[in-house]
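Taking the hints into account, I'd like the entire structure generated from these sequences.
So the chains spell out like this:
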Amino acid sequence: MEGASPDGAVLFGAILLLALSGVPGLFARKGGAGGERLAAVLACAGSAAGLVPAVRILFFGAELRMELPSPLPGGGILLVADPLSALFLLPVFLVPALASVYGLGYWPESEHLRDARKLRLFMGLLAASMAVVLVARSGVAFLVAWEVMALAAFFAATTEDRQPAVREAGWIYLVATHAGTLGLFGMTALLGATTGSFAWEAPAAGLAATGSASVVFLLALVGFGAKAGLFPFHFWLPGAHAGAPSHVSAVMSGVMLKVGLYGILRITSLYGAPPAWWGGLLLVLGVASALYGAALAAAQNDLKRLLAYSSIENVGIVSTGIGVALLGRSAARPEWIALGLGGALLHVLFHSLFKPLLFLGAGAVIHGTGTREMDLMGGLLRKMPKTGAAFAVGCAAVAALPPLNGFFSEFLVYLGLLRAFAGPGEALLAGFAAPALALAGGIALAAFVKLFGTVFLGNPRSEKAEHAHEPGLAMRVPILALASACLLAGLFSPFLGPGLDAAIRSWAQRDAAEATAGLSRLPALASVAPLATVASWGAALLGLVALVAAGTALLLRRQAISRGPTWDCGYARPTARMQYTGSSFGEWIALRLTPRAAAAPLEARLPEGIFPRRARVSAAAPARDPVLLRLLEPFAQRWARRFHDLHALQEGRLTIYLVYVLGTLIALLAWSVLRGWLPLP
Amino acid sequence: MTHPVDILLVFVILLNFLVLGTPSLRMTIRAAALQGAILAVLPLLVHRGFGWRVVAIAVATMALKGLLIPGLLEKAMRDIHIRHEVEPYVGFVTSLFLCAAGTGLAILFAGNLPLAPEHVGTLIVPASLATLLSGFLVLTTRRKAISQVVGYLILENGIFIFGQLLIEAMPFLVEAGVLLDLFVGIFIMGIVLNHIRQEFSSLDTDLLSELKD
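Here the protein sequences line up with chains A and B, keeping their order.
Note that the first sequence covers residues 12 to 692 in my numbering.
Note that the second sequence covers residues 1230 to 1442 in my numbering.
For the record, the hints were derived by calculation from the structure and aren't laboratory data.
Here the structure is a predicted model, which is why all the values come from computation and not from measurement.
Think of the CB as a built atom: it goes at the ideal place given N, C-alpha and C, for glycine as much as any other residue.
Among the hints, a few may not be true.
Stated by the list, open to error - Pairwise CB distance ranges (calculated): (1) Ser225(A) <-> Gly1333(B): 55 to 65 angstroms; (2) Val1284(B) <-> Trp182(A): 46 to 56 angstroms; (3) Val1284(B) <-> Leu685(A): 33 to 43 angstroms; (4) Ala678(A) <-> Ala1345(B): 21 to 31 angstroms; (5) Gly1250(B) <-> Leu660(A): 29 to 39 angstroms; (6) Leu1337(B) <-> Leu657(A): 26 to 36 angstroms.
Take a look at the structure:
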């Protein structure tokens, strides 16, 4: 460590606290509350401590650098925390801590004797390993932390491993993550072969973007894209996020996906002038993810699957921004870099506020109703007003409605796309991307209107929704904290400008070197995007809403308010079955907007006769992701059939295996003899 | 063949045949124990200098291979009331022939291996390979789990003999590792055997293949 800075020690201690937060609970009395409380306290203390160096690095330029000797091959362990790492560290130190508090109410040990300890242990490990991934800058250390993260997430997500659906989702996740890690191994090896060391540091002018660099980029795209949930590597995501306990989904969706995006950024930052197709490919994949995620989100009837698909959409938005920034780098357009990457990074931060809010809110709903099926809910706003209000904030934020935070980051990405299209330059692709992204945004809005309308408005559709209740304090506090953060973060986004600038500079530092070659310097975000203006308009809008609400409350203060059932306009006997269901709401999207392969099968039993008795229509999205169902499973099955004959070799009897070993041994020895006899080379 | 090490190694090879040729489990275990005890003496003869390491290896080998492990096996045998290996996959006579063939091959192989000059004339490498192959034969041709443990033991004896070549290059480390490995392996096998017997009342590994995944 250079100068043994206190920041480094604090960061190290914070990571250690997070990693060990679940350990004391392993030795506590089973079923007692001591272990889980201690875990939450440790996680919160570690996170609070970790936020300090992260903020200092991001806003005050206190970069950290540490080199440790390592007995492993591949050189020493190099840890560097630059502003880019620090920006991604913020969610790591925010979301898991809130999730651990939430877990006190959502997954108490007294009700989950079997798996609460395991869950806490792996939640802590997951958070700590993500932090290490973000600062590890040598290949071997990075891969080790990466693998710990992937496995911790696996164990946390399969907490309810007695359910077959959860086991299957976990299995698919494991295959996906290991396939991705394989790509990363290849990438690390190739990168090490070209630079001569496993340290991921580039010379001042950046690495040359040769042919092998493109292979490195593609491998990184597969490996990191699989973790980020980028289309078409997203297939594991909906199942794993839906099957995990809600606070684990919040961490996975709010933070872990971002670690994948960070990887793409880190690797691309090493290259001086990437070829234009890198940015173009990311842009196309980003837009595809956004459209696909939004369309499938609208088709879902499972609350958490809907949120998971929306994560795919948001990852798409972020990688569209990264694509614009990469295009800007190949075309030497600093303002594209500032807007594209600024939007992407801001969206990373904001998505890690509103998506955990939605998942935690969904957890509260599931906790209250005991189901994930949206068509069994309804009218929950009356039963759980606080959660409902917070959830509404989250829905508006994820749908990018001003003045909530989601609007600000998407605004920057759009600005970047339009700037890239308007030129000077010839990024025609951006011209197609902007309307496509807008379409995705529209579908996402519809999806969340459907979600909120079906779950919180109208009348309860089932007994379960009838008896829903507001969750306890431990669950309410994180939800309300995140909701107020979503309300305010957008308005304060101009103040985030300097931090974003620092992160953008540390990604695109090569452009500073290029500045001497006559190119303009990287502009500050504030000078290219009217964030302050938008924020003040947003504040005015929020003030107006508050004013109207206060006025309404004042006017209604003297009046007696009579409350009647929803849909009470002239029906003699209104029933809950008269309402639009999630299926009926999503049907038009599911049938018209999703590609044929992904279309939801419409299950209809139409009314018959003059006095129809029972009829029902439901358009349920398939329980598995279409890419998985139509593409990967047939492919895997074909290969499984092809390899079927090899199964005879794996007979399951130890003796036979030993015969194989014996045969190999004798063959090898015989070969050594034969080589002496025969004149072989 | 006047070197005392070679005389001992001839006994080791003969014991291989005894293990493969007898249906009596007690005889098999005793033969393996005797083989272990002979091997314990081996380091003392190969290395003239009586370093404390060599003595330690000899004592540990004698204790583990000559006494403790065979003792455990005999106790297991008494506990589960099995005395004879019936119906091995390969008959006793056939396996004797296979053992002879293996020993022949071992001598053939050993002659062609690139060895250090001081080891060329001795029986160390042929005996090691022959014992290794015999261990494999026992492992693959016998049906009872307890015979397979003996096969494992003999296999390891082969490795041990080979380790004599390396005792100066890698003193103690290899031996200690292998001994520990073996002891833990047999210990676990003993526990597993006991549990399997309680659950299934049979120790026929043939019947255990139902458990495969």
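Consistency of the hints with the structure:
Look at Ser225(A) against Gly1333(B): about 58 angstroms separates their beta carbons, and that is inside 55 to 65 angstroms. Range check, Val1284(B) to Trp182(A): about 54 angstroms between beta-carbon atoms, so the 46 to 56 angstroms window is met. Separated by about 42 angstroms at the C-beta atoms, Val1284(B) and Leu685(A) satisfy the suggested range of 33 to 43 angstroms. The hinted range of 21 to 31 angstroms is satisfied by Ala678(A) and Ala1345(B), whose Cβ atoms lie roughly 25 angstroms apart.
Distance hint check for Gly1250(B) and Leu660(A): the Cβ-Cβ separation is about 31 angstroms, which falls inside the suggested range of 29 to 39 angstroms. A C-beta distance of roughly 33 angstroms is found between Leu1337(B) and Leu657(A), which places it inside the suggested range of 26 to 36 angstroms.
The earlier numbered hints are all upheld by this structure, with none contradicted.
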